[in-house]
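Participant: Position chain X with the ligands against the provided structure of chain S, taking the given hints into account.
Respectively, the protein sequence lines represent chains S and X. Under the numbering used here, the first residue of the first sequence is numbered 1, with each subsequent residue one higher. Under the numbering used here, the first residue of the second sequence is numbered 1, with each subsequent residue one higher.
If you're looking for bench data, these hints aren't it; they were derived computationally from the structure. Treat the hints with caution; some may be incorrect.
Said to hold, decoys possible - Far from chain S, some chain X residues (derived; all Cβ distances over 12 Å):
hint, residue
1, T18
2, P76
3, E291
4, G412
Said to hold, decoys possible - Just so you have them, the derived chain X footprint on chain S, three or more residues with Cβ under 8 Å:
hint, region
5, 19-33
6, 63-76
7, 87-101
Values in this document were obtained by computation on a predicted structure and should not be read as measured data. Even for Gly, the Cβ is constructed at its ideal location relative to N, Cα and C.
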Amino acid sequence: MSALHDEIRELMALYPEARSATLPALRLAQEKHGWLSPEALREAAEGLGETPAYCMSVASFYDMFHLEPVGRHLVEVCTNVSCALVGAQQVLEAFERELEVRAGETTEDGEVTLRTVECLGGCGWATIVALDHRYRTHVQANDVGAIVEELRADG
Amino acid sequence: MAEPRLVVLQGADERDLTKLSEYRAIGGYDALAKARALAPQAVIDELLASNLRGRGGAFFATGRKWSFIPKPDQNPNPHYLVVNADESEPGSFKDNEILSRVPHRFIEGCLITAHAVESKHVFVYIRGEYLGPFEAVRDALEEIRDDERLLGGVTIVVHRGAGAYICGEETALLESLEGKRGQPRSKPPFPAISGLYASPTVVNNVETLATVPPIVAMGGAAYAKLGVENSTGTRVVSLSGNLVRGGNYEVAHGITLRELIYDLGGGIAEGRELKAVIPGGSSTVILTAEEIDVPYDYDALAEVGTAMGSAGVIAIDDRCCMVQLGIRVSEFYEHESCGKCTPCREGTRWMTAILRKLEAGEASDSELDLLLDVCDRINGKCLCPLGETAAMAVASYVLKFRDEFLAHLDGGCPFGSQSPLDGVVAPVNQHTHSPVAEVPA
Ligand SMILES: Cc1cc2nc3c(=O)[nH]c(=O)nc-3n(C[C@H](O)[C@H](O)[C@H](O)COP(=O)(O)O)c2cc1C
Ligand code: SF4
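Just chain S, with the same shape it has in the complex:
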């Protein structure tokens, strides 16, 4: 049995009903495979004792699960009201220019996926950009070049 299998079993033990471990298990599977590929879903399902179809039906409800491949790095720009009021769209466009992709796409080398997301809960420190889930606050369009360089340097 794989390490993932054992980790999922440990998660299941935290809950009175094992199915509660579905989201954490999918998160682990995604971390291991980069996205919820059919294989990742199969592994998660096996650990949980659910069917892959069940895992797929749950995963498809949640924005943080990737049902298609994504880049090694994830750049998420909040474009909800508070961020948009202070220039989130300009930040997004700067990323589009620097990365040469549109929102929702992955760079050709498979390194970076850029996407917009709904409110990240940092509204007073807008614009919020999540870089591999770490929040950058007060991001402005002219910060974007340096951020992309940093991401690229991170290899």
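Facilitator: Showing chain X with the ligands alone in chain S's frame:
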């Protein structure tokens, strides 16, 4: 003006309260000892005396909610405390700061509440995006892991969500915590009777729980002296939008919106004029700049037809087009609708579509009426409040800025790209997750 840190964030400016030793140094976890020396009902009585009302949005009296939980001899199932740390309402980011800066006060609140409702099992459902706050709580829990005296046999499991606004609705949250799609349940039964795993469950917001230790420490009656009648105590208000100093500010209820915006928030940035204020997160009815002398409390806001919601105040300056605001807000709810009820699922889509036509100058008078009609057909016809709050919020833009909407009928948007919300790419427009880039020309 100095930021008042009255109750929930008290001490956090002076000390690093993420550390157990620092929290202990200001009397941290003393309230827990005090509560445990009391019978559960006596703790509930303190909460009733404080008149604390839930900070998650519905403002339901916390002591009353706890008193609905059956006693162990009435229902032998385990009792659960589930913390709502899903904070996803646009404009709100207070729980983010509370978890990050005073995690021990929050945990102490969980432990006191567990005692009051006779529960040994706490689940903290935290939105998946909140990595920093998650780590703060995890590290704080790690510090007390072996302290059985503090934990008192209670287990606290931190459960991370995976990106869905609707999981903030308490029954959707419970579904999600049970490992399912996060779709709301019909009520009744209420969670107090049949919640997590069909057992008695209290669902409380992060800020509500972080307010519990100070209430126990100072006594419910003393807490009730803060703030105003019906809205006792303090509130951590999130200020954002076109302000000089956005951020979270803990204030006593009853301060006016004007004071929040101009004294604490430093006024409107770049010397612009205030145009409108969303007072309690994007689900609340908008106020015009003329309406901001209203005190920030439940009754006063209800009197002007709006609500405190999750205390996310968004200030909007005079460059912003209200039709564009409607589009962006409608797109959010369209994206986040769980799809269970037709009026919400389809209605939010229609709202966006009509607003887009208006913005493009392609709508006729009758379509403005159609927009309000669609809102009306969502209102009161949905399982949970998501659909109807979306409809009421957007309808309020039309009702309060009608001239601006009418101006869009002849020739389109008078603001165009001057407005910061022009052409903003919302997630709902960007569903293609193409694995490989289509490089823009
Ligand atoms: C669409 C929707 C989203 C909600 N999101 C949240 C949320 O993110 N956090 C929260 O505490 N309450 C949220 N609520 C309110 C909860 O349903 C519930 O009332 C609250 O967690 C109860 O806690 P309290 O009594 O301590 O306020 C939401 C409600 C709805 C209808
Ligand atoms: S109102 Fe909307 S979000 Fe709420 S249950 Fe119905 S479809 Fe789902």
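Participant: Counting residues of the region 63-76 of chain S with a beta carbon closer than 8 Å to any beta carbon of chain X, are there 3 or more?
Facilitator: With 8 residues closer than 8 Å to chain X, the region 63-76 of chain S meets the three-residue bar; holds.
Participant: Please check whether the beta-carbon of X/P76 is more than 12 Å away from every beta-carbon in chain S.
Facilitator: Holds, since 14 Å exceeds 12 Å.
Participant: Hey, does X/G412 actually stay past 12 Å from chain S on C-beta?
Facilitator: holds, 19 Å
Participant: Are three or more residues of the region 19-33 of chain S within 8 Å, CB to CB, of chain X?
Facilitator: holds (count 8)
Participant: So X/T18 supposedly isn't at the interface. Is its beta-carbon more than 12 Å from every beta-carbon in chain S?
Facilitator: holds, 17 Å
Participant: Find the nearest Cβ of chain S to the Cβ of X/E291 and say whether that gap is larger than 12 Å.
Facilitator: Check passes; 19 Å lies beyond 12 Å.
Participant: Under a C-beta cut-off of less than 8 Å, do 3 or more residues of the region 87-101 of chain S approach chain X closely enough to confirm the stated coverage?
Facilitator: Since 7 is at least three, the answer is holds.
Checked against the numbered hints above, the structure violates none of them.
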